[in-house]
Amino acid sequence: QKEVEQNSGPLSVPEGAIASLNCTYSDRGSQSFFWYRQYSGKSPELIMFIYSNGDKEDGRFTAQLNKASQYVSLLIRDSQPSDSATYLCAVRNTPLVFGKGTRLSVIA
Amino acid sequence: GAVVSQHPSWVICKSGTSVKIECRSLDFQATTMFWYRQFPKQSLMLMATSNEGSKATYEQGVEKDKFLINHASLTLSTLTVTSAHPEDSSFYICSATPLESHEQYFGPGTRLTVT
Chain A
376 QKEVEQNSGP
386 LSVPEGAIAS
396 LNCTYSDRGS
406 QSFFWYRQYS
416 GKSPELIMFI
426 YSNGDKEDGR
436 FTAQLNKASQ
446 YVSLLIRDSQ
456 PSDSATYLCA
466 VRNTPLVFGK
476 GTRLSVIA
Chain B
2 GAVVSQHPSW
12 VICKSGTSVK
22 IECRSLDFQA
32 TTMFWYRQFP
42 KQSLMLMATS
52 NEGSKATYEQ
62 GVEKDKFLIN
72 HASLTLSTLT
82 VTSAHPEDSS
92 FYICSATPLE
102 SHEQYFGPGT
112 RLTVT
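From first to last, the protein sequence lines stand for chains A and B. Add 375 to a position in the first sequence, counting from 1, and you land on the number used in the working numbering. Add 1 to a position in the second sequence, counting from 1, and you land on the number used in the working numbering.
Isolated chain A, as found in the complex (with noise of 0.2 Å):
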């Protein structure tokens, strides 16, 4: 069974630090690696998409593939209050695979 795994936290990081999140997968085969944000009442909403190994920077977010090692983690930078939510890493399958998130926490 393919499975992605996170640690549901809370994490909770001071405002302006740097918030990392972590995922493990099963499925050595698995080829992309999706992170989405999902506020509380809210659907998700996708921030970050991976396929090579190493990383991938957009804005704050900076998303990292390890294939060799199965993770893929999320480094959040200068971490702001409204960064407070629950981040899940999918990996592709048809249909994606979720993990089940972590939830976030910005301490202003």
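Calculated directly from the structure, the hints in this document are not laboratory data. Virtual Cβ for every residue (Gly too), placed ideally from N, Cα, C. Some clues are possibly wrong.
In silico contact screen, one side only, chain B against chain A (beta carbon under 10 Å); selected entries [stated by the list, open to error]:
1. Phe35
2. Gln39
3. Phe92
4. Leu100
5. His103
Assemble the complex: chain A is given as a structure, and chain B must be docked to it using the hints.
Coordinates of chain B only, in the frame set by chain A:
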């Protein structure tokens, strides 16, 4: 780009009635759409995969006769909750993948309350 809409955003219905939820991809075509359900403070649960022009594929434990899915076009899928019960009250979310793309975009969700 890649906007998915849902209608209605919330609905209240009485036990025993049916409710239809629409999911539309506004600026792209999608051969495949997905329907999820999420209870408070719980994870997304995939209910079914909807393929344009063919029958939906339901996840184990999801009653296909209760949750009717129709994917009539490349931009529209509907979920009908039949003979609704209070335990069907939940947040229903659809998502869609553009043609030749790997990304999956979510609609804003429909909050269903069955009284």
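- prompt: Does Gln39/B meet its interface restraint, that is, does its C-beta lie within less than 10 Å of any C-beta in chain A?
  reply: Holds - the Cβ of Gln39/B comes within 10 Å of chain A, reaching about 8 Å at its closest.
message: Would the hint on His103/B be counted as holding, given a Cβ-Cβ threshold of 10 Å to chain A?
response: holds, 4 Å
field: Restraint outcome when Phe92/B is required to lie within 10 Å of chain A by C-beta distance
entry: holds, 8 Å
field: chain A contact restraint for Phe35/B - C-beta distance below 10 Å
entry: Where the cut-off is 10 Å and the nearest Cβ of chain A is about 5 Å from Phe35/B, the hint holds.
message: Next item in the hint list is Leu100/B. Is there a CB on chain A closer than 10 Å to its CB?
response: Because about 14 Å separates Leu100/B from the closest Cβ in chain A, which is outside the 10 Å limit, the hint is violated.
Hint check: a violation occurs at hint 4 only; the rest are consistent with the structure.
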